[in-house]
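Chemist: Each chain, letter by letter, is given below.
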Amino acid sequence: MNFKQSIALVSTLCTLGAASEALAVCDQSGASQADRDLWNMHGCWQDFYLWQYQAYDLRSGDWSSRGWNDACNVALEFPKHWNAAYLVTYGLADNGAQSFHGTVDYRATAEAASSNFHDSLYHGVTDDGGIFGRFTPRFWPWDTDRVDTACPLYNRTHPNANPGSRGGDFMHEGWHAYFDKYGINNGDQGGHRAGPQGGCTINGCDYFYFHGIGAYAFGAMWENNGTASRFHSPNQVQVEFLCDVADQPQWWVPATVRQAAAADANTRAVTRFINGPGYTCGSPRPW
Amino acid sequence: MKGSNRRTPRLGAFVTLLGMVGSVPAFAAGPSGSASEPPSARQPPAGAPSAAFRARELHRPPALVGSGELARQNTRAFIDWAGMSVADERETARREIAAAASNPDIVRAVIDEARTAKESDHSRALVSLAILGEMRSAEGEKFLRDLIQQPLPTTGTVVEGDLLEATALAQLQAKAVAGLAYRRTRDADAEVLRVAARHPSKIVRAEAISAYLWNHGDTDEARRALAPHVRKDEQLLLERVRRVSGESAETFNRKLAAYLEAHPELLPPAPEKLSGQSRPAEQNPHRFNEPPPAH
Chain A
0 MNFKQSIALV STLCTLGAAS EALAVCDQSG ASQADRDLWN MHGCWQDFYL WQYQAYDLRS
60 GDWSSRGWND ACNVALEFPK HWNAAYLVTY GLADNGAQSF HGTVDYRATA EAASSNFHDS
120 LYHGVTDDGG IFGRFTPRFW PWDTDRVDTA CPLYNRTHPN ANPGSRGGDF MHEGWHAYFD
180 KYGINNGDQG GHRAGPQGGC TINGCDYFYF HGIGAYAFGA MWENNGTASR FHSPNQVQVE
240 FLCDVADQPQ WWVPATVRQA AAADANTRAV TRFINGPGYT CGSPRPW
Chain B
0 MKGSNRRTPR LGAFVTLLGM VGSVPAFAAG PSGSASEPPS ARQPPAGAPS AAFRARELHR
60 PPALVGSGEL ARQNTRAFID WAGMSVADER ETARREIAAA ASNPDIVRAV IDEARTAKES
120 DHSRALVSLA ILGEMRSAEG EKFLRDLIQQ PLPTTGTVVE GDLLEATALA QLQAKAVAGL
180 AYRRTRDADA EVLRVAARHP SKIVRAEAIS AYLWNHGDTD EARRALAPHV RKDEQLLLER
240 VRRVSGESAE TFNRKLAAYL EAHPELLPPA PEKLSGQSRP AEQNPHRFNE PPPAH
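Protein chains in written order, with numbering that gives the first Met the number 0: chain A, 0 to 286; chain B, 0 to 294.
Calculated from the structure, these hints are not laboratory results. Note that beta-carbon positions come from the ideal geometry of N, C-alpha and C, so glycine has one too. If a hint is listed, it holds; no wrong ones were tucked in.
Stretches of chain A that chain B covers, calculated by requiring three or more beta carbons in the stretch to come under 8 Å of a beta carbon on chain B:
#1 70-83
#2 135-142
#3 178-184
If the Cβ cut is set under 8 Å, some of the chain B residues that face chain A in the computed set are:
#4 S39
#5 R41
#6 G82
#7 I96
#8 I202
#9 N214
#10 S247
Assemble the whole structure, with the sequences as input and the hints as a guide.
Modeler: Here you go:
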């Protein structure tokens, strides 16, 4: 719970809950082709979204004007959120010889349940246009950590408004929750290091902790030994997820989703790492 | 990003506490009401995707043929199909694209789709540019060159310190330079080298370097030819590790080990622990652990 949320909550109470509809400013006019292509693979699967809202601890009050009661309308934020969760849950090949990590790692990072990866968290949504996502740690013991995803992941004309990038942000913010659980100091620029510096071109940089394929058994991405030899940063987890979507997906993951994931991964790899670039993924052949 | 100020939760929680006096049951249910009503749909939802997967017919792209308006319609249908296509259909798509590359109406229609999608749908623009690059046509090359030379926007939506519109265009320009490198002609290569040296975006320069090397067999000779064109502070991009789809873990790990051995300066410092702050133990851990429905 942070100050802005609290103000919003008090305001909502004062207006008997009438304010939430007016607050939504994300573009709800449609979805990117990548979102629609993945959507067409499941056609709005009821059993999944009824599972997903619990697994990600989505709360109706946060999503009421964003498709909570219109869950099959892919123009809205909640359907786009669970579309990305569908990709995370089923979309990876889990190839032990080629994938960086397994579905079990990416699910545990993204989902709400308390585990070795992070304490409990819940997923909200924000109209903040200046961020992709945000992790807000709890203050009171009875509070819960919160991951918000923002309009640039939902507005269909924006480059990150696709299921892979949205899922990638679940990883990024989930890894801030991991740092919080283990008391890691990754810098004071929104949980990152000041920049530009080294290979990083923005203010908000990470290190890349290079590791080979198979260095982490599936399910062991959370492990660290307190040194740089066994560790991950938020942008690194995000890039490795995006690379696994691009290069090691299930057979049915559409080309738009794979190509958008590769573009996001390769952009992030050359702009976010002090000791970068990270790996390049996807093929340089156009098709 | 992480909520950057640890004081705001303290202040926020205090304000909330004041605001919630008399509403203890609601607070106990969580800030937004964790005891949510389930979501619902207005349209009839679907069953498990497996049946639809089994029914799907692969390797049946729409014909990429025709002239005039028919060419435009067929191109739109093909891009729709290509976007949905799966990895196993890659060669099917390549054959269809190669066969259409000599049809100027189709090439122009793909260019029109790329131009339209650039403003409205980034993922569709990427697919359109990929098709155009795969075509290796002279008219397509002209469009790719023009796109690469478009100036990056200097105003727009700033997200986490990055200008979204500039990043979006740079990603498309990176896709365009991959297409240009795939032409594998002397003129196209000269432009790729120019981009590797002087494009204002690192995203595009990095892709130009990667695509040039890949299209020249990733050889030492190609690396030597490219090196004088690459900025001094970006020479590392010449040696960057590429994960190739299908390669074994041993092959990739060997490349990575050699890369790190040659560049010990890339090893990051040890992670730092926070000092003087203890995190309160959570009182109400989220207990939902049902497996996802069978796919």
